[in-house]
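K.L.:
Can you build the whole structure from these sequences, using the hints too?
For reference, the chains in residue letters:
Protein chains: 2
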Amino acid sequence: MKIHRFIDNFDLSKPELEITGEISKQMALVLKLKVGEKIELSDGTHISAIAYICKIDKKSVLVKIEKINKILKNEKKVHLFCAVLKKENFELVAQKATECGVSKIIPIITERTIKTGINIERLQKIAKEASEQSGRMTVPEISEPIKFLEALETIEGDSVLFDISGSEFTNNYQLKTKNLFIGPEGGWTKKEIELAKQNNFKIATLGPLTLRGETATIIATYLVSNIK
Amino acid sequence: MKIHRFIDNFDLSKPELEITGEISKQMALVLKLKVGEKIELSDGTHISAIAYICKIDKKSVLVKIEKINKILKNEKKVHLFCAVLKKENFELVAQKATECGVSKIIPIITERTIKTGINIERLQKIAKEASEQSGRMTVPEISEPIKFLEALETIEGDSVLFDISGSEFTNNYQLKTKNLFIGPEGGWTKKEIELAKQNNFKIATLGPLTLRGETATIIATYLVSNIK
Numbered sequence: 339m340k341i342h343r344f345i346d347n348f349d350l351s352k353p354e355l356e357i358t359g360e361i362s363k364q365m366a367l368v369l370k371l372k373v374g375e376k377i378e379l380s381d382g383t384h385i386s387a388i389a390y391i392c393k394i395d396k397k398s399v400l401v402k403i404e405k406i407n408k409i410l411k412n413e414k415k416v417h418l419f420c421a422v423l424k425k426e427n428f429e430l431v432a433q434k435a436t437e438c439g440v441s442k443i444i445p446i447i448t449e450r451t452i453k454t455g456i457n458i459e460r461l462q463k464i465a466k467e468a469s470e471q472s473g474r475m476t477v478p479e480i481s482e483p484i485k486f487l488e489a490l491e492t493i494e495g496d497s498v499l500f501d502i503s504g505s506e507f508t509n510n511y512q513l514k515t516k517n518l519f520i521g522p523e524g525g526w527t528k529k530e531i532e533l534a535k536q537n538n539f540k541i542a543t544l545g546p547l548t549l550r551g552e553t554a555t556i557i558a559t560y561l562v563s564n565i566k
Numbered sequence: 339m340k341i342h343r344f345i346d347n348f349d350l351s352k353p354e355l356e357i358t359g360e361i362s363k364q365m366a367l368v369l370k371l372k373v374g375e376k377i378e379l380s381d382g383t384h385i386s387a388i389a390y391i392c393k394i395d396k397k398s399v400l401v402k403i404e405k406i407n408k409i410l411k412n413e414k415k416v417h418l419f420c421a422v423l424k425k426e427n428f429e430l431v432a433q434k435a436t437e438c439g440v441s442k443i444i445p446i447i448t449e450r451t452i453k454t455g456i457n458i459e460r461l462q463k464i465a466k467e468a469s470e471q472s473g474r475m476t477v478p479e480i481s482e483p484i485k486f487l488e489a490l491e492t493i494e495g496d497s498v499l500f501d502i503s504g505s506e507f508t509n510n511y512q513l514k515t516k517n518l519f520i521g522p523e524g525g526w527t528k529k530e531i532e533l534a535k536q537n538n539f540k541i542a543t544l545g546p547l548t549l550r551g552e553t554a555t556i557i558a559t560y561l562v563s564n565i566k
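Going down the list, the protein sequences come from chains A and B.
Count the first sequence with the numbering used here and you get residues 339 to 566, in order.
Count the second sequence with the numbering used here and you get residues 339 to 566, in order.
Treat the hints as calculated values from the structure; they're not laboratory data.
Hints are supplied without guarantee of correctness; some may be wrong.
The list treats identical chains as interchangeable, and a pair is accepted whether it falls inside one copy or across any two copies.
What the hints assert, rightly or not - Straight-line distance between alpha carbons at most 30 angstroms, and here's what the computed BS3-like set of lysine-lysine pairs gives: (1) Lys-414 <-> Lys-485; (2) Lys-453 <-> Lys-466; (3) Lys-424 <-> Lys-376; (4) Lys-372 <-> Lys-453; (5) Lys-405 <-> Lys-528; (6) Lys-363 <-> Lys-528; (7) Lys-485 <-> Lys-372; (8) Lys-566 <-> Lys-393; (9) Lys-425 <-> Lys-415; (10) Lys-397 <-> Lys-516; (11) Lys-453 <-> Lys-528; (12) Lys-453 <-> Lys-370; (13) Lys-376 <-> Lys-485; (14) Lys-396 <-> Lys-425; (15) Lys-529 <-> Lys-393; (16) Lys-414 <-> Lys-514; (17) Lys-453 <-> Lys-425; (18) Lys-514 <-> Lys-485; (19) Lys-453 <-> Lys-396; (20) Lys-372 <-> Lys-528; (21) Lys-424 <-> Lys-370; (22) Lys-424 <-> Lys-463; (23) Lys-424 <-> Lys-397; (24) Lys-370 <-> Lys-514; (25) Lys-566 <-> Lys-540; (26) Lys-376 <-> Lys-453; (27) Lys-393 <-> Lys-442; (28) Lys-424 <-> Lys-372; (29) Lys-424 <-> Lys-363.
P.N.:
Here you go:
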């Protein structure tokens with residue numbers, strides 16, 4: 339039996355909780371949850387609880403906390419700097435990178451980026467749903483697009499830029515890497531790759547086949563988030 | 339400069355080649371290629387050639403072979419048995435598994451498979467485009483859907499079925515695995531997992547987060563195709 343998960347700033351320190359607003363509407367009208375049914379609530383940090391429903395209508399849901407379920411250890415913080423892609427591909431990035439464990443998505447504008455506008459609200463909603471579906475306790479933050487040059491100034495920790503010219507993305511690098519840089523449909527310019535090298539980036543490739551931006555994102559995020 | 343790739347049963351053994359039909363139309367009218375431009379042709383096996391255009395109109399394109407470019411070593415043969423998913427997700431599977439190097443996609447019908455029909459022609463077209471775009475020399479074959487039980491009878495080589503209950507999908511297994519089994523939206527039944535075990539399958543998981551079928555497909559195919 340699938341258990342529904344919800345992420346919001348719930349106060350999980352008390353034995354009972356009243357849930358109102360959009361979430362109570364969703365629980366009562368969309369999911370049609372019933373009294374006695376179990377749900378999982380996360381407070382959006384690293385704490386989640388199993389609770390059961392005592393009373394439910396669209397205005398208010400009363401739940402009792404049964405047990406604190408997981409206090410996840412700190413997930414590895416993976417920051418994804420991904421060039422803004424075509425709408426449906428960038429939405430795929432938001433969904434899949436979340437499933438694969440990304441902490442933060444920073445859309446970037448590179449020399450060959452064609453599309454520069456994004457709908458953050460919609461992307462954030464996609465990321466929230468993907469978090470709930472995949473069993474994560476937190477929702478990755480999606481920031482406003484910034485220029486590649488600005489990104490270079492703000493990063494901390496080891497960075498990898500993906501390009502077909504790079505060397506193999508070995509386990510050793512997967513372990514160390516914190517920041518992933520994925521280029522636009524037309525790829526990085528030579529100047530950008532040079533600049534990355536000057537900033538001590540590793541230039542890596544994911545293999546002999548040319549992967550689309552969104553595919554490279556999924557695989558790189560998975561590798562870096564799940565390496566032990 | 340991006341070079342356009344085409345896969346068809348071209349005869350690359352001669353120094354000159356006349357291309358007609360749909361492809362010449364695409365070259366002349368859609369891509370608006372010009373005399374002197376270089377293209378890459380693959381015969382759909384493992385041979386490709388760089389050629390340049392000598393004459394072009396929508397009915398016929400005359401090219402000269404400049405050099406045989408790659409005779410790829412045998413790619414690892416990865417067979418993906420993926421439960422039929424919702425249309426857009428299964429199309430994503432066809433595209434991304436191709437990019438990641440799959441050899442054959444066998445849609446399967448499991449106990450919890452909801453959708454059972456697929457449009458093979460459309461999926462095969464998506465796979466062909468993904469092959470051309472990613473620089474592969476071959477197009478994976480997509481077969482008619484078969485039942486999970488039938489699949490069990492036809493497989494050869496080591497098989498892995500992905501389920502959250504499984505053990506870690508280690509490098510050692512990535513290396514040995516030939517057949518990947520991915521379940522439908524609602525997951526595998528206990529009976530199916532039991533049956534897989536009886537058939538000497540490994541039951542593996544891709545990590546603590548619940549991945550959607552199409553996401554698991556992309557990652558598993560990449561891992562198995564690219565492990566050295």
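K.L.:
Against each hint, give a clear statement of whether it holds in the structure.
P.N.:
Now for the hints, and whether the structure bears them out:
1. When the C-alpha separation of Lys-414 and Lys-485 is checked against a cutoff of 30 angstroms, the pair qualifies only within one copy, where the shortest distance is 25 angstroms, while the shortest distance between copies is 40 angstroms.
2. When the C-alpha separation of Lys-453 and Lys-466 is checked against a cutoff of 30 angstroms, the pair qualifies both within a copy, at 24 angstroms, and between copies, at 27 angstroms.
3. In the homo-oligomer, the alpha carbons of Lys-424 and Lys-376 lie at most 30 angstroms apart only across protomers (28 angstroms), although the nearest pairing inside one protomer, at 39 angstroms, exceeds that limit.
4. In this assembly of identical chains, the alpha carbons of Lys-372 and Lys-453 lie at most 30 angstroms apart only when taken from different copies (28 angstroms versus 45 angstroms within one copy).
5. For the homomeric pair Lys-405 and Lys-528, the shortest alpha-carbon distance between copies (27 angstroms) is at most 30 angstroms, but the shortest distance inside one copy (54 angstroms) is not.
6. Within a single copy, Lys-363 and Lys-528 get their C-alpha atoms no closer than 52 angstroms, and across copies no closer than 34 angstroms, so neither meets the 30 angstroms cut-off.
7. For the identical chains of this complex, Lys-485 and Lys-372 are neighbours neither inside a copy (48 angstroms) nor across copies (36 angstroms), given an alpha-carbon limit of 30 angstroms.
8. Neither within a single protomer nor between protomers do Lys-566 and Lys-393 lie at most 30 angstroms apart by alpha-carbon distance, with minima of 43 angstroms and 56 angstroms respectively.
9. Taking the closest pair of Cα atoms, Lys-425 and Lys-415 come within 30 angstroms of each other only inside a single copy of the chain (25 angstroms); across copies the shortest separation is 34 angstroms, beyond that limit.
10. For a Cα distance limit of 30 angstroms, the shortest separation of Lys-397 from Lys-516 qualifies neither inside one copy, at 42 angstroms, nor across copies, at 53 angstroms.
11. In this assembly of identical chains, Lys-453 and Lys-528 lie within 30 angstroms of each other by CA distance solely inside one copy; the values are 20 angstroms within and 46 angstroms between copies.
12. In this homomeric assembly, Lys-453 and Lys-370 come within 30 angstroms of each other (Cα to Cα) only across copies, at 24 angstroms, whereas the closest approach inside a single copy is 40 angstroms.
13. In this homomeric assembly, Lys-376 and Lys-485 never come within 30 angstroms of each other (Cα to Cα): the closest approach is 45 angstroms inside a single copy and 34 angstroms across copies.
14. With identical chains, the CA atoms of Lys-396 and Lys-425 are never at most 30 angstroms apart, being 34 angstroms at best within one copy and 33 angstroms at best between copies.
15. In the homo-oligomer, the alpha carbons of Lys-529 and Lys-393 never lie at most 30 angstroms apart, since the shortest distance is 61 angstroms inside one protomer and 36 angstroms across protomers.
16. When the C-alpha separation of Lys-414 and Lys-514 is checked against a cutoff of 30 angstroms, the pair qualifies both within a copy, at 10 angstroms, and between copies, at 29 angstroms.
17. In this assembly of identical chains, the alpha carbons of Lys-453 and Lys-425 lie at most 30 angstroms apart whether taken from the same copy (8 angstroms) or from different copies (27 angstroms).
18. In this assembly of identical chains, Lys-514 and Lys-485 lie within 30 angstroms of each other by CA distance solely inside one copy; the values are 24 angstroms within and 43 angstroms between copies.
19. Taking identical chains as interchangeable, the C-alpha atoms of Lys-453 and Lys-396 are never at most 30 angstroms apart, the minima being 40 angstroms within one chain and 32 angstroms between chains.
20. Proximity of Lys-372 to Lys-528 under the C-alpha cut-off of 30 angstroms is restricted to the inter-copy arrangement: shortest distance 27 angstroms between copies versus 59 angstroms within a copy.
21. Taking CA atoms no more than 30 angstroms apart as the test, Lys-424 paired with Lys-370 passes between copies only; the shortest distance there is 23 angstroms, against 36 angstroms inside one copy.
22. Proximity of Lys-424 and Lys-463 under a CA criterion of 30 angstroms is satisfied in both settings, with 18 angstroms inside one chain copy and 21 angstroms between copies.
23. Proximity of Lys-424 to Lys-397 under the C-alpha cut-off of 30 angstroms is found in neither arrangement, the shortest distances being 39 angstroms within a copy and 33 angstroms between copies.
24. Proximity of Lys-370 and Lys-514 under a CA criterion of 30 angstroms is satisfied in neither setting, with 45 angstroms inside one chain copy and 46 angstroms between copies.
25. With identical chains, the CA atoms of Lys-566 and Lys-540 are at most 30 angstroms apart both within one copy (20 angstroms) and between copies (21 angstroms).
26. Within a single copy, Lys-376 and Lys-453 get their C-alpha atoms only as close as 43 angstroms, which misses the 30 angstroms cut-off; across copies the closest is 29 angstroms, which meets it.
27. When the C-alpha separation of Lys-393 and Lys-442 is checked against a cutoff of 30 angstroms, the pair qualifies neither within a copy, at 36 angstroms, nor between copies, at 51 angstroms.
28. In this homomeric assembly, Lys-424 and Lys-372 come within 30 angstroms of each other (Cα to Cα) only across copies, at 28 angstroms, whereas the closest approach inside a single copy is 41 angstroms.
29. Taking identical chains as interchangeable, the C-alpha atoms of Lys-424 and Lys-363 lie at most 30 angstroms apart only when they sit on different chains, with a minimum of 27 angstroms there against 33 angstroms within one chain.
Consistency note: the structure conflicts with the earlier hints numbered 6, 7, 8, 10, 13, 14, 15, 19, 23, 24 and 27.
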